[in-house]
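Protein chains: 2
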Amino acid sequence: MSDPVPTTGPRVVTVPPGEDRERLVCPDCGYIAYDNPKIVVGSIALSGDRILLCRRAIPPRIGYWTLPAGFMELGETSQDGAAREAWEEAGARLAIGPLLAVYNIPRISQVQLIYLAHLTSPEIAPGPESQEVALFAWDDIPWTDLAFPSVDWALREYETRRELIQAGRPFAPATNPVDGL
Amino acid sequence: MSDPVPTTGPRVVTVPPGEDRERLVCPDCGYIAYDNPKIVVGSIALSGDRILLCRRAIPPRIGYWTLPAGFMELGETSQDGAAREAWEEAGARLAIGPLLAVYNIPRISQVQLIYLAHLTSPEIAPGPESQEVALFAWDDIPWTDLAFPSVDWALREYETRRELIQAGRPFAPATNPVDGL
Ligand SMILES: [Zn+2]
Ligand SMILES: [Zn+2]
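Protein chains in written order, with our numbering: chain A, 1 to 181; chain B, 1 to 181.
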């Protein structure tokens with residue numbers, strides 16, 4: 001499960017002068033990598049009642065279904081990032097709505113911001129990271145072929161809040177289920 | 001406002017082989033810095049009706065008042081990070097509650113997660129990054145001496161939601177005010 005030790009770049013764990021915690025430092029050029037948690041942005045994207053899912057064409061979990069989501073990039077907002085990912089992975093144009101969930105995966109130092117969204121056009125097409133993309137009715141969701149636990153969590157949180165959402169009422173975003181941390 | 005060009009470490013902007021966007025690469029050792037947006041975690045921390053603020057002892061904005069907040073670290077959750085920052089900056093022990101705001105500052109690639117929190121003990125004491133810490137009644141908040149626009153935003157969002165919060169009712173976290181992006 002652990003990556004091999006790199007042979008170039010920051011690879012020595014040490015506490016830099018004047019700091020209070022260990023960082024990865026490059027012994028060749030002295031560069032200090034201020035590694036920090038990464039933000040994943042994604043969406044439950046609806047077309048009518050149906051939900052957009054993407055079958056992964058890249059590791060990890062090739063062939064399994066996931067929400068359109070990926071790492072937030074520099075210079076964009078979290079909402080713009082969620083829309084960009086749906087475009088890149090599924091050729092889908094989204095209107096981003098309220099925040100549905102904030103998941104913490106501290107084991108891999110990841111924070112996931114999952115928005116509720118609507119497709120502004122029914123057209124979808126797989127991008128290079130997807131084998132296939134499809135709009136699923138709730139009863140057709142491939143529960144046993146989902147790529148990650150947080151996909152399952154987000155889908156169920158959406159279902160739990162569906163009446164509030166349809167009534168346009170405010171709701172607090174979900175956090176990790178107790179057994180998910 | 002811009003930093004000087006570094007003379008070691010990743011400092012050449014180029015598109016690495018097989019990628020679709022520019023990254024910072026070190027010309028000495030080939031290390032690619034996958035720089036990504038940073039997460040700031042903080043809180044509106046209440047003791048009764050009063051709100052914890054910290055007078056900054058470090059740049060930027062030395063001497064101005066801010067919420068207890070800082071960069072999320074590896075291996076922690078966003079809630080743990082918000083509690084850690086209040087402990088480090090104000091010697092305050094917090095119980096973290098619902099998410100009050102998610103602010104995007106794309107100009108500096110920052111996402112701020114601001115929680116509502118309660119002090120579990122009234123004791124506070126300035127940490128190394130604070131000149132002074134204090135609990136302010138709403139009418140005593142030093143509005144003209146706040147360090148950052150998002151401190152002002154978060155305080156006003158709290159005030160807007162105070163009745164919902166006191167009634168224990170769910171609310172959607174705030175996003176940037178329209179004129180704040
Ligand atoms: Zn190096
Ligand atoms: Zn180097």
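Mixed in with the good hints there might be a few duds.
Chain B regions said to be covered by chain A (calculated; three or more residues, Cβ under 8 Å) [what the hints assert, rightly or not]:
1. 65-77
2. 136-148
In silico negatives: residues of chain A with every beta carbon more than 12 Å from chain B [said to hold, decoys possible]:
3. P27
4. L46
5. R56
6. E76
7. P106
8. L135
9. E159
10. Q166
Everything labelled a hint here was simulated from the structure, so no lab data went into it. The beta carbon of each residue, even a glycine, is placed where N, CA and C say it ideally should be.
Now for the hints, and whether the structure bears them out:
1. Counting residues of the stretch 65-77 of chain B whose beta carbon lies closer than 8 Å to any beta carbon of chain A gives 7, which meets the minimum of three for the stated coverage.
2. A count of 0 residues in the stretch 136-148 of chain B with a Cβ less than 8 Å from any Cβ of chain A is obtained; the coverage claim is therefore unmet, three being the minimum.
3. Look at P27 of chain A: its CB is around 9 Å from the nearest CB on chain B, not clear of 12 Å, so calling it non-interface is violated.
4. With a minimum CB-CB distance of about 18 Å to chain B, L46 of chain A clears the 12 Å threshold, and the non-interface call stands.
5. Distance check for R56 of chain A against chain B: the nearest CB is about 18 Å away, which clears 12 Å, and the non-interface claim stands.
6. Once the 12 Å rule is applied to beta carbons, E76 of chain A is inconsistent with being away from chain B; the minimum gap is 6 Å.
7. The claim that P106 of chain A lies off the interface is violated: its Cβ sits roughly 5 Å from the closest Cβ of chain B, which falls inside the 12 Å cut-off.
8. Distance to chain B confirms L135 of chain A as a non-interface residue, since its nearest Cβ pair spans about 26 Å, more than 12 Å.
9. Interface exclusion of E159 of chain A from chain B stands, the closest Cβ pair being 17 Å apart, more than 12 Å.
10. The Cβ of Q166 of chain A lies farther than 12 Å from every Cβ of chain B, with a closest approach of about 15 Å, so its non-interface assignment holds.
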